[in-house]
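S.K.: Here is how the chains run, residue by residue.
Number of protein chains: 4
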Amino acid sequence: MYTGIIGPGDGASEAECATAYEVGRLLAQAGAVVVTGGLDGVMAAASRGAFEHGGVTVGLLPGSVREAANPYLTVSIPTGLGELRNGLLVRSCDGLIAVGGSWGTASEIALACRTGVPVFSIGGWRFPQDGPVHVDSAEEAVRRLLALKPRRRG
Amino acid sequence: MYTGIIGPGDGASEAECATAYEVGRLLAQAGAVVVTGGLDGVMAAASRGAFEHGGVTVGLLPGSVREAANPYLTVSIPTGLGELRNGLLVRSCDGLIAVGGSWGTASEIALACRTGVPVFSIGGWRFPQDGPVHVDSAEEAVRRLLALKPRRRG
Amino acid sequence: MYTGIIGPGDGASEAECATAYEVGRLLAQAGAVVVTGGLDGVMAAASRGAFEHGGVTVGLLPGSVREAANPYLTVSIPTGLGELRNGLLVRSCDGLIAVGGSWGTASEIALACRTGVPVFSIGGWRFPQDGPVHVDSAEEAVRRLLALKPRRRG
Amino acid sequence: MYTGIIGPGDGASEAECATAYEVGRLLAQAGAVVVTGGLDGVMAAASRGAFEHGGVTVGLLPGSVREAANPYLTVSIPTGLGELRNGLLVRSCDGLIAVGGSWGTASEIALACRTGVPVFSIGGWRFPQDGPVHVDSAEEAVRRLLALKPRRRG
Numbered sequence: 001m002y003t004g005i006i007g008p009g010d011g012a013s014e015a016e017c018a019t020a021y022e023v024g025r026l027l028a029q030a031g032a033v034v035v036t037g038g039l040d041g042v043m044a045a046a047s048r049g050a051f052e053h054g055g056v057t058v059g060l061l062p063g064s065v066r067e068a069a070n071p072y073l074t075v076s077i078p079t080g081l082g083e084l085r086n087g088l089l090v091r092s093c094d095g096l097i098a099v100g101g102s103w104g105t106a107s108e109i110a111l112a113c114r115t116g117v118p119v120f121s122i123g124g125w126r127f128p129q130d131g132p133v134h135v136d137s138a139e140e141a142v143r144r145l146l147a148l149k150p151r152r153r154g
Numbered sequence: 001m002y003t004g005i006i007g008p009g010d011g012a013s014e015a016e017c018a019t020a021y022e023v024g025r026l027l028a029q030a031g032a033v034v035v036t037g038g039l040d041g042v043m044a045a046a047s048r049g050a051f052e053h054g055g056v057t058v059g060l061l062p063g064s065v066r067e068a069a070n071p072y073l074t075v076s077i078p079t080g081l082g083e084l085r086n087g088l089l090v091r092s093c094d095g096l097i098a099v100g101g102s103w104g105t106a107s108e109i110a111l112a113c114r115t116g117v118p119v120f121s122i123g124g125w126r127f128p129q130d131g132p133v134h135v136d137s138a139e140e141a142v143r144r145l146l147a148l149k150p151r152r153r154g
Numbered sequence: 001m002y003t004g005i006i007g008p009g010d011g012a013s014e015a016e017c018a019t020a021y022e023v024g025r026l027l028a029q030a031g032a033v034v035v036t037g038g039l040d041g042v043m044a045a046a047s048r049g050a051f052e053h054g055g056v057t058v059g060l061l062p063g064s065v066r067e068a069a070n071p072y073l074t075v076s077i078p079t080g081l082g083e084l085r086n087g088l089l090v091r092s093c094d095g096l097i098a099v100g101g102s103w104g105t106a107s108e109i110a111l112a113c114r115t116g117v118p119v120f121s122i123g124g125w126r127f128p129q130d131g132p133v134h135v136d137s138a139e140e141a142v143r144r145l146l147a148l149k150p151r152r153r154g
Numbered sequence: 001m002y003t004g005i006i007g008p009g010d011g012a013s014e015a016e017c018a019t020a021y022e023v024g025r026l027l028a029q030a031g032a033v034v035v036t037g038g039l040d041g042v043m044a045a046a047s048r049g050a051f052e053h054g055g056v057t058v059g060l061l062p063g064s065v066r067e068a069a070n071p072y073l074t075v076s077i078p079t080g081l082g083e084l085r086n087g088l089l090v091r092s093c094d095g096l097i098a099v100g101g102s103w104g105t106a107s108e109i110a111l112a113c114r115t116g117v118p119v120f121s122i123g124g125w126r127f128p129q130d131g132p133v134h135v136d137s138a139e140e141a142v143r144r145l146l147a148l149k150p151r152r153r154g
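Top to bottom, those sequences are chains G, W, P and X. Those letters in the first sequence? Residues 1 to 154, per my numbering, in order. Those letters in the second sequence? Residues 1 to 154, per my numbering, in order. Those letters in the third sequence? Residues 1 to 154, per my numbering, in order. Those letters in the fourth sequence? Residues 1 to 154, per my numbering, in order.
Next up, chain G with everything else stripped away, as it sits in the complex (with noise of 0.2 Å):
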């Protein structure tokens, strides 16, 4: 299974990292593979949670220069999409957990409720309209979300 962890980058809280972190471990112990933007924040430290215990680890980097990846990451794609690689990794995601919330955390989870990509938030926004399942732990979300299908699109 795919499973995105998005979040804020270099604003990310200590905790939101902490969470993230955990969540990371948890993925890679069920033996999915974490995706994230690839830069700093939740993204280094989900990706770190899970490299740090033998996990397969994917990083979107939305410029064009490999260099900017954090140093967790067995893949790194430096897409030089800019922002677009944000549905980039909705469309390549099963299923997403957001640890905290910003804009372009925000965009995700739109384009993935969009989609039809399950999203479950810890700490997140809370948007006007149903669509992210809000949940309390790392371990409620990814519990959640490795009980789901992969999904098949087309």
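Treat each hint with caution, since some may be false.
Which copy is meant is left open, so a pair is good if it fits within one copy or across any two.
To be verified - Think about it this way: if two alpha-carbon atoms lie no more than 20 Å apart in a straight line, the pair counts; the simulated SDA-like pairs of lysine to any residue are:
hint, residue 1, residue 2
1, Lys149, Asp10
2, Lys149, Val65
3, Lys149, Ala15
4, Lys149, Arg126
5, Lys149, Val133
6, Lys149, Ala68
7, Lys149, Gly31
8, Lys149, Ser64
9, Lys149, Val135
10, Lys149, Glu67
11, Lys149, Arg66
12, Lys149, Gly82
13, Lys149, Gly54
14, Lys149, Arg48
15, Lys149, Gln29
16, Lys149, Gly131
None of these hints come from the bench; they were simulated from the model.
Position chains W, P and X relative to chain G; hints supplied.
M.R.: Chains W, P and X only, in chain G's frame:
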């Protein structure tokens, strides 16, 4: 000035379409280029309002088939990018006017707020963080958008 | 009909630019929309030829800055896709006319041949496999391109 | 080092697939990441050669359905970009090895030459301008590619 008009497609209400038509008309009369996603609902109404008043209208279609476009476009681009075309629309506009709301619209608003593109919203979603400027009418949205300088990006 | 005119930018010769201008003029007079990469050389000359004869011209820019566009465009789209915009140009056209050659032009011809978009080439590269139709003049290229039916894709 | 292996899909010959397998094996044994388009023919053979020798393999699929991927991938990304994923592959690699030729392969070679990504070609097309370096064997292609420094882009 390149102005994007965003909002629901098939699910748009009659009132939203009437407002979008008015936004398109006012922008065309001011000489602005009107950019939309090129499909139905708010996109078609806004394009029609501009097109019937001599404006230049652009439709950035999600699919790769030009025939899906509404008939009120000076130029249609079948991007084949799927929902990633939402980001292309945001990137190519100096500012956006949202009429109503949907997850697709929310993704465009979030990408605009992420990348510094001003958004004026008529009857749209309220987000938990400041971003779009909520206004009461087509006239106010257009007046305030046109008062901005076209932005320079790099 | 949407027609792409492709060829070298800065490195274009005077003769290539004169031919591109003529191609743009003839397409505009036939009512076709002229699509280019929006920059200098063949792109600017073709756009100018169309623009000065009442045609609709579109420039799909590689960067995210509209100011890089040549001044002969009805609509410019700063795609920010870098060289991936070559594929967007091919995808959005019913056929292409190549004037001269370069690696960028070659990538567009190859993508067109790969996806079934007809290409007429004036003075362009000879490839080791059949693909572009080589013609001798702007007039012949335009006449043969316009004789094709706009294609339907899905 | 990220190395792309490009070549025909369904139309690949047995000899081309054998060469691609060997290229994948040698790159994996040297610790390079192998990137392909993720489908059949040369793409599958190269991925298999790397995968069966402990390498990390990435498939950048043109469609939005992961199920189209060959079974020899550490990571598959259903980009949904169609033929624009050819440009994404080029952008994400430090160098390419082409095995055989096709219009899709030619588009990747042209984009690589356009953007300064080195290409080594085994049995591929001869272009009318210098670009790819033609070599005689998998061993020579891999040796010369690995002798290059990973490039820095910006």
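S.K.: Does each hint hold? Answer for all of them.
M.R.: Evaluated hints:
1. Lys149 / Asp10: Neither, since 33 Å and 29 Å both go past 20 Å.
2. Lys149 / Val65: Result: close only across copies, 15 Å inter versus 34 Å intra.
3. Lys149 / Ala15: neither (30 Å within a copy, 39 Å between copies)
4. Lys149 / Arg126: neither (25 Å within a copy, 32 Å between copies)
5. Lys149 / Val133: within (16 Å within a copy, 40 Å between copies)
6. Lys149 / Ala68: between (33 Å within a copy, 18 Å between copies)
7. Lys149 / Gly31: Result: close within a single copy only, 14 Å intra versus 33 Å inter.
8. Lys149 / Ser64: For Lys149 and Ser64, the Cα distance is within 20 Å only across copies (17 Å; inside one copy 33 Å).
9. Lys149 / Val135: within (19 Å within a copy, 42 Å between copies)
10. Lys149 / Glu67: between (35 Å within a copy, 14 Å between copies)
11. Lys149 / Arg66: Between copies only: 14 Å across chains, 32 Å inside a chain, cut-off 20 Å.
12. Lys149 / Gly82: Intra 30 Å, inter 23 Å, cutoff 20 Å: neither.
13. Lys149 / Gly54: neither (23 Å within a copy, 28 Å between copies)
14. Lys149 / Arg48: Cα proximity of Lys149 and Arg48: none, with 25 Å in one copy and 27 Å across.
15. Lys149 / Gln29: within (18 Å within a copy, 35 Å between copies)
16. Lys149 / Gly131: within (18 Å within a copy, 35 Å between copies)
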